[in-house]
Amino acid sequence: MQTVTEKLEGMDVWIYHGQINIPNTYSAGAVGSRFLIELRDKKRIMGTRCPACNRVYIPARSICKDCFGQLDEWVEVSSKGTVLTYAIDYEVKPIQPVEHPIIYGIIQLDGADTGFVHMLGEVDPEQLRVGMRVQAVFKKEREGNILDIKYFKPLA
Amino acid sequence: MPNRVAIIGIGQTYHTGRRDDVSQPEMVAEAVRAALTDAQLSIKDIEAVFFGNMETFEGIYLPDHGMTAEVGAFGKPGFKVNTGGTTGASVVAEGFYMVTAGLYDLVMVIGFEKQDCGDTTAAITAAAVPTWAKGAATGAIGEFAKQALSYLETSGAKEEHAAMVRLKADRNACRNPYAHLRLGLKSIDEVLQSPYLVWPLRLLDFCPQSCGACALILASEQRAKKITKKPVWIADLEVVHQEPFRAGIFGDPTGKETYTQHVACERLYKRNGITNPRKDIDMAEIYEPSNWEELNLYEHLHFCDKNEGWKLIEKGVTEIEGEFPVNPSGGVTATNPIGATPVIRVAEAALQIRGDAGEHQITKDINTAMATALGGPNWTVLFLLKRSM
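So the sequence lines, in the order shown, correspond to chains A and B. Under my numbering, the first residue of the first sequence carries the number 1, and numbering increases by one thereafter. Under my numbering, the first residue of the second sequence carries the number 1, and numbering increases by one thereafter.
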C-alpha cells in the first residue's frame, strides 16, 4: 500500500492519503452454518424458536435476546412475507452485492416474529409500499450464502 | 466512602488457535454462561454489561452490535471499551467504577478475541500516526523485539534467561486445562532452537494468537456477601496513561523516560502500604506478551531492582513453588485472546485467592494478589485483589 503525500496549494500543510486494509474471515458458527446449509440444499428459511418467550427468530440465532435461553428448536418459516419498510439506494458502493438501484427491505416472513433484512426485486420502485406481500426468489446455483436468496419479489 | 467491590463469578472458554465451530457471539456466550454458573446467578440478576474487544482485529467494526443477545446485554445499560492491549483490564476497571460508585450492585464484564477471523498485525499497524510512523509500524512483534534487544544489551541477561521464563510459562500452562499452548517443552536448548520472528525475539519467546473469552461478575459488598462465601475483593486499582510511540514504548533506550508501570505501581503500593511487593503481595498474574517483557516487568513493577529481573528467574523465585509465583496460569506467552487476556489475568489471580485454580493452584496461602495489563497506547492498569478487606 503506497502512502501518497500531498501539499495543499497555497498553504504550507501536508496531507497523507492511506487506506486501511484488514483481511478477515467470519465463522458463521453452529446455528448460522445450519441456516445457510438449509438455504443452499433445501431452499428452506429456518428459524429458531424460544419456547419460554414463544418467539421465532429469523435468521436463526443461538440465544434468545429476551431470556438468554439456549435455542435448539428449529422451525421452518414461509418464504412469503410482508414488507415492513424499505429504502431505495441509487449510490454505487463497492461493498454492495448487486447492480443499482438496490432496494433494501425489512420483511416479516409468515411464521417469524422478527424482521429479516434483504433486498426487493422485480418491482417498480413507484409501486413499492409498506405492507406489500412478497416472496423469496432463490438463486439457481446456491453456495451457502445469505444471497442464495436473490431477493424478494411482489406476490402475483 | 466508596462501595467495596468483589469478584463473585468467573468464567472463561478454553483457549485455542481456531474456533471454526462457533461464531464470535456463540464463543463469547460460553464464557458468559460459565460466569453465571460459577456465581449461581441468572442473566436477569445482572444489572449492566460491559464489553471489551480489540475492535477491527476480527476485521469488524462495532463487534458488540452483533452479539447483544449472546452477552446477555439486551435491554441493559453498558457499553464497549477499547484501550488497545489493556482493553480487558479497562473493562474490569469500568465495572469496578460502576459498582464502587453505587450505580449498580451486580455487573458483568466481558473480554473476547477470536483471532482466527482477522489480521491482528494489519489492524495494529493502522494505529500508527501517519505523520511519523506510517510504514514503520511492525505490530507487536517488532515492538517487543526492540524491547528484547534493549534488555539483552543492557541488563546482563542472556538468551538463556528468557528461555527459562518460557519454560516456566509452559510448565504452568501444562497444568492449566484452559491454556492455549501446552507444549511440554523440556529444555532451554529447545527454546533457543526456535526460529527468530524478529531478532532477537524467537517464535517461542512470543505469545500466540488465541481465540477465547473471559467474563467476570462484580458485586457490591452487600450483594457479594449474600451470593458467595468466597468473594474476592478488588482492593484497589490504578490506571496510568503515557504518550505512545515517541517514548520508546516497552523499553527506554534514553534512560530519561518515566514508565507508566513505575507511576502506576508506586501509586498503588503507596496507597496500600506495600513497601516490599514480593513480601506484601503473595503472587502476580502479569501481562507479558513475551518472556523478555516478563523480565522487564519484574523490574518495572519493582519486584526487584533494575537489571535484576533475570536473577529472579535464575533463582526460581517466580516459579509456581517459588517465593513469589508469577503467572501460574502459564500467562500470555501460552494464551493470548487479546481482548480477554487482561480479564484472564484478574480471573486467574482471583481463582488463586479462592483456592479454585485446580492443578495450577499455588500451594502456599494466597491472600493478596496482583493482576496487570499493558498495551500499545501505553496504558498501564494494575489491580490489587484480596481475600479479606
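No lab work stands behind these hints: they were computed from the structure. Think of the CB as a built atom: it goes at the ideal place given N, C-alpha and C, for glycine as much as any other residue. Treat the hints with care, since some could be wrong.
A few chain A residues that face chain B, going by a derived Cβ cut-off under 8 angstroms, partial list only [said to hold, decoys possible]: (1) N24; (2) M46; (3) C64.
Calculated Cβ distances over 10 angstroms to all of chain B for the following chain A residues [stated by the list, open to error]: (4) A28; (5) I63; (6) E73; (7) W74; (8) T85; (9) I88; (10) Q96; (11) H100; (12) D113; (13) I149; (14) L155.
Now for the hints, and whether the structure bears them out:
no.	hint	result
1	N24	2 angstroms, holds
2	M46	16 angstroms, violated
3	C64	7 angstroms, holds
4	A28	6 angstroms, violated
5	I63	5 angstroms, violated
6	E73	16 angstroms, holds
7	W74	16 angstroms, holds
8	T85	19 angstroms, holds
9	I88	24 angstroms, holds
10	Q96	17 angstroms, holds
11	H100	24 angstroms, holds
12	D113	14 angstroms, holds
13	I149	20 angstroms, holds
14	L155	31 angstroms, holds
Taken one by one, the earlier hints fail for this structure at numbers 2, 4 and 5, listed in ascending order.
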